[in-house]
Every structure is written in C-alpha cells, then in structure tokens.
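Our numbering numbers the first residue of the sequence shown as 1 and each following residue consecutively.
Treat the hints as calculated values from the structure; they're not laboratory data.
Keep in mind that this is a model prediction, so the values were computed, not measured.
Don't take each hint at face value.
[Unchecked claim] Distance condition first, Cα-Cα at most 30 Å in a straight line; then the derived DSS-like pairs of lysine-lysine:
#1 K176 x K639
#2 K145 x K119
#3 K361 x K457
#4 K488 x K533
#5 K355 x K510
#6 K533 x K26
#7 K371 x K510
#8 K82 x K94
#9 K639 x K607
#10 K145 x K520
#11 K237 x K27
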Amino acid sequence: MYSVENLTVSFGGFTLLDEIGFVVDKKDRIALVGKNGAGKSTLLKIFAGLQEPTKGRISMPKDATIGYLPQQMQFSTNRSVKEEAALAFERVLKMEAELDKLNLELAHREDYESESYHKLIDDISLLNERLTIEGITNIEADIEKTLLGLGFSRTDFDRPTNEFSGGWRMRIELAKLLLQKPDILLLDEPTNHLDIESIQWLENFLSTQANAVILVSHDRAFIDNVTQRTIEISLGKTYDYRVNYSKYVELRKERREQQLRAYENQRKQIEDTEEFIERFRYKASKSVQVQSRIKQLGKLERIEVDEEDNSALHLKFPPAPRSGSFPVIMENVGKSYGDHLIFENATLTINRGEKVAFVGKNGEGKSTLVKCIMGQIPYEGNLQLGHNVKIGYFAQNQADLMNEKFSVFETIDYVAVGDIRSKIRDILGAFMFGGEASDKKVAVLSGGERTRLAMIKLLLEPVNLLILDEPTNHLDMRSKDVLKEALKEFDGTAIIVSHDREFLDGLVNKVYEFGNQRIKEHLGGIYEFLESKKIENLNELEKKIPPLNPLKETYPQPPKGGFCSHQPKSPSGDLGVVGAYEQRKEQQRQIKRLEKSIADCEMKIEKLETEIKAMEEILMTPEGASNVDLLWKHAELQKKVSGIMDEWTETTIELENYKKDA
1 MYSVENLTVS FGGFTLLDEI GFVVDKKDRI ALVGKNGAGK STLLKIFAGL
51 QEPTKGRISM PKDATIGYLP QQMQFSTNRS VKEEAALAFE RVLKMEAELD
101 KLNLELAHRE DYESESYHKL IDDISLLNER LTIEGITNIE ADIEKTLLGL
151 GFSRTDFDRP TNEFSGGWRM RIELAKLLLQ KPDILLLDEP TNHLDIESIQ
201 WLENFLSTQA NAVILVSHDR AFIDNVTQRT IEISLGKTYD YRVNYSKYVE
251 LRKERREQQL RAYENQRKQI EDTEEFIERF RYKASKSVQV QSRIKQLGKL
301 ERIEVDEEDN SALHLKFPPA PRSGSFPVIM ENVGKSYGDH LIFENATLTI
351 NRGEKVAFVG KNGEGKSTLV KCIMGQIPYE GNLQLGHNVK IGYFAQNQAD
401 LMNEKFSVFE TIDYVAVGDI RSKIRDILGA FMFGGEASDK KVAVLSGGER
451 TRLAMIKLLL EPVNLLILDE PTNHLDMRSK DVLKEALKEF DGTAIIVSHD
501 REFLDGLVNK VYEFGNQRIK EHLGGIYEFL ESKKIENLNE LEKKIPPLNP
551 LKETYPQPPK GGFCSHQPKS PSGDLGVVGA YEQRKEQQRQ IKRLEKSIAD
601 CEMKIEKLET EIKAMEEILM TPEGASNVDL LWKHAELQKK VSGIMDEWTE
651 TTIELENYKK DA
C-alpha cells in the first residue's frame, strides 16, 4: 500500500498541488487526468523519488520497487538492444551469482555446529526465497517476448541502441521496466512512441501481468482499456473515482450537477431564513424564532461547488485557399536508404477536402513519405502536388525545435509578419497563454504547452493541405477534442500520422496502412480498418492451411471419358455418377469431422472458462493477488482460450464452405 498524505507543491508563490491525499492499493490501475500543467508529471516524479514536495509525504513499504518512465529521457550507451534490456535482471543475476558463491562455500565447510555455518544456511535459504518470489525462470525468453511485443524484430536484438531513434530507445527503457515487474509502475505518456499494435500489446500486458500502475496518458482508448480508477487533478485538488475514464466523465458531470442543485436549494433556504430574520428582527413576539433562525444559520454547513477549470483551447483554422481537385498524386513512389528499402510502388491519390490517416508500425515509412511530400528528401517514382497547394506541416519533434531561451510571446513574435503581429496577444489567449503565461520561457513549459505553442506557429498562415505528424502527443484530453473538432471543420485537406484510435475515430475517411515495404489503401474510418485487419489476418491463416480437397487426396483421377464410356455427365463435371457419389460421401464425412471439432472446441472453452473464473475468485483476495505463479497461470489459460477460439472460428468457416458445396 502506498499512501499520499497532505502533499503540497508550491513554487514562486503558486500552489500546484494543495494538501492532496489518496491511497494506492496493490493491484490498482490508476489514470491521472487533468489539463496540461495541472501537476500530473510532478506527482509521478515525487512518487519516483526524483522531486521533493513542499509539504507532506508519500509513505510506502521499505522494500517496495518502483519503475518510472518519464516523457523525456537521456540516452548514452553502446550496448545492444538485448544487452540493454537484460539490465532489467541485473539485481536477479547478482543474487544468483551470490547464491552460487555461498553454495560453493557451503560445499567446503565441515563446521556443522558453528554459528557461522547456521548463518550461511540461513543466507542461502533467504536468497533462494527471494529468487523464488522474483519468479524468473527463463530470462532469455522473457526478454525476447517483451521486445517483440513492443515492435522490435529479432534482427534488431544485436544492433547497438545508439542506432535507434529516441522513440525506439524509449521502447527499450519501457521493456526494461516491464521486465523488472516493479511493485508500482509509473508511466508518463507511454504511448507517445508506440504504434497501434504495440499499444494493444502493452494494454494486454498491463491488464494481466503488472502490479500497481499509475499512468498519465491522453490516449482515451488506452486508459479505458487499462485502468479501473481515475484520479483527476484540477486547480491543485484531487478527485478520486473508482471507475475507468469514460465512466469518470459521466460521474464527474453528474457530481457537479448534484452539487449545483444542492447549492441552489441551500442558497434559497439561506435567503428565506435571512429574509425572516430581517423581517421580524425588531418584533418582540418573534424574538425566540429569530434567535433560533440565527443559530440555525450559524450551524449550517455551507455546500461548496467544486471549482471548475474553465480555461480551454479555442482553435479554428483560417479559411483554406482553394487548391486543385487532387492535392497529392503518387505513382510508383519508393524510398531506400542504401540497401535498406523503406517502401516501394506507392500509388495513391488524395482528393481535395479528404481527411486521411497514415498508420502502421514505427519505421515502416509514415514520416518518410511525409518528408517526400514536403520535398525534404529525394525519392523514386512520380509525386505531384496539385495546383495552388499550400502546405502546413506539424512535425513530431516540432515542440522540441523551439528556442528555449525565448518567451512564449517572443517565439510567436519572431515568426509573425504583417497585420497578424497586432493580434499576437489575442491568439495566445485563445491558446491558454493569456496574461503572465505569455511571458513564460519555453524552457519551463510542459510537453502539452510546447505542443500548443507549436500549433500557433502552424496557424499563422492560411494553408489548404495540413500534414500533422503525431499532433496529439502531450495534448490533454480537452485540447485533443478541440483540435479534432477544428480539423473536422477545416475545409482543406489533411494527412494525419497518428496512433491515437480515439482521435482518428470520426475524423478520417480513409486509412493508408504502412507495412512490409508497401502502402495499402483502406476506405472507411480507423475502427473499420482495425476490424478489417482482424478479418485479413484470419484469411491469411486460412490460406496457410487450405481446406482439404477430399477427392483429389483420396481418389485417382478418372480416365478420359469417365469410368464408363456410356456414363452420363453429372453437375459435378467429368466425375460421373460414381465420382459424384463418392465426393458427396466424402463431403459428409468431412462435415461430421468438422462438427465434432467444433463441439470439442466448445467443450474445451467451457472447461477453461470455468477454471479461469475459479482462479479469478482467488485472485480477488489479498493472498491471491500476490501469487505470481497464479497470475502467470491465469494469463496462460486466457491465451489458451484465445487460441481455441481462433481454431473454432477457422473450423466454423471451413464447415460453412463444405455445406455450401454439399
């Protein structure tokens, strides 16, 4: 158990966190939410021991292990990816080495009755016990499984980490944390550098295998799938909801409405009481009642309505000058770096007014194609921009390219030209940089504030083709919603590179998937694309295991003219009556076999689900929640059920095919 007690953080006369308090239990999955600059990252740093509060403290067990993934990290190592990930087990490997040393000493000791001999036995037992608790059985397999889950390929394992971009190095740090299995995992925007597939893998890992988790994320789908408790930080206070984010939004609205109703009722009661007191204050016959009402008012506990942070981003893109009908046309576009092929034969057309998404694993060429469109790098093939296309570009690292010595105002003043300079203060106010906030130095801005500042620079000139590369990284929920609505209303064309499913949902009408050195077009929204991917994967499995052609495998081909020269042809082709009969017989046999397989799968699934349910009842108890072996077994059973469900689906499809042909 971890306890936050009267925690206060103040600086420069401003109180960021004001005597907050809450308790984190062993298996809690908590989402910290609030607008940018509310204090979420600060609270995580205090949990991790990297920052001291002004007042108050966080109490936790002495031997508690903490894993912390910050938004930004410093990297400097020449180790390979696998060697770096193996550092997660440094403590375990040291314990194993110490155990080997003690066992060797024990083998040469003969003073069986001495005190030091008994101490040696105790030390060995203690180390064995600690290693058992760690539950490490196959370090090599665990490392490979985690790295593959986070998007690395086996060919990456022996590459030096300094060959990778910052996003991929962040994944290595995340892999180390997950492998350490700390008692409490602190994650600050863990999805910023992950693709959709890796996010889904991380969701499953955190839900099934992690201990306590506190995370900050602006990916609504991710926190909904991982967390079951939401702590809101607003105006220095915390509000604790034991539900996921979507439910929290509903409850928060209901709570405020109830408070307002209760506040209004009490206000009316107070007004009526004060009116009575004023009316009869000087009447002797009413003096007792007046005094009674005065005492009643004095004892009344006033209802307070939670302060609401109403500061919000006001974003509207300027009207887009009209471009040609097809802002981007590509034919057989390809890009390589030396012998390394990124993608080839990319042929696509983006129509005026379309909002399209570029999705796929990191390193498959999304940002590379954007650079090709921008004319920043050479490429093969034909790429043509339409008539009068004016591009507005927001890069992934746009927020990091600003001069940290400049203030917010100076940053915009430096790039603004013409009449717009007279409106800088108004623009900054619309982006929540009003008043003194405009004098803040870029160096002290949070990630979200820097992203907002970079977005202002994008709006200084009207454009008709917006290219946004991960625009939602570091933006809070409300700012993301505002950006999404502004993009929906934008009358130009937009290309959005993003892994944020919730942000893309309802915004884009076409998805371009990057993978296997190809770019594939999918019509429809992001969830339609994800659904189609599941269907495609299932079809791929069917292609690998084609349905058996019973006749071809079991019977020789009949001679030309059939088995009998006078045998009439049947609807089955040249098989004749005998062949058709045998084929129908074999089809019936296969149908019975498949029906039996389906029934077997259903029995297995029912049995496993009964086991899982019993296991979950044990895991709900404090003793069960700490049983690492039971947790692993639970995850394995879930994996088995998933595998059998896939088998059931494939067999059902195969059965339907046979019944159609029968």
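Checklist entry - Can the restraint linking K533 and K26 be considered satisfied, given a maximum Cα separation of 30 Å? => result 36 Å, violated
Next on the checklist: Checking one constraint from the list: CA of K488 to CA of K533, max 30 Å. Satisfied?
Outcome noted: 25 Å, holds
Next on the checklist: Checking one constraint from the list: CA of K371 to CA of K510, max 30 Å. Satisfied?
Outcome noted: 20 Å, holds
Checklist entry - When you check the alpha-carbon spacing of K639 and K607, does it fall within 30 Å? => result Holds, because 14 Å separates the two Cα atoms, which is no more than 30 Å.
Checklist entry - Are the Cα positions of K355 and K510 separated by 30 Å at most? => result 7 Å, holds
Item to check | Distance restraint between K82 and K94, which requires alpha-carbon spacing of 30 Å or less | outcome: Distance ~18 Å between K82 and K94 Cα, so the pair holds.
Next on the checklist: What's the verdict on K176 and K639, does the C-alpha distance respect the 30 Å limit or exceed it?
Outcome noted: Holds, at about 23 Å.
Item to check | Pair hint outcome, K145 versus K119 [Cα-Cα no greater than 30 Å] | outcome: 39 Å, violated
Checklist entry - Between K145 and K520, does the CA-CA distance stay at or below 30 Å? => result 28 Å, holds
Checklist entry - Does the alpha-carbon distance linking K237 and K27 stay inside the 30 Å limit? => result 24 Å, holds
Item to check | 30 Å Cα cutoff - pair K361, K457 | outcome: It holds: about 29 Å lies between the C-alpha atoms, which stays within 30 Å.
When each numbered hint is compared with the structure, violations occur for hints 2, 6.
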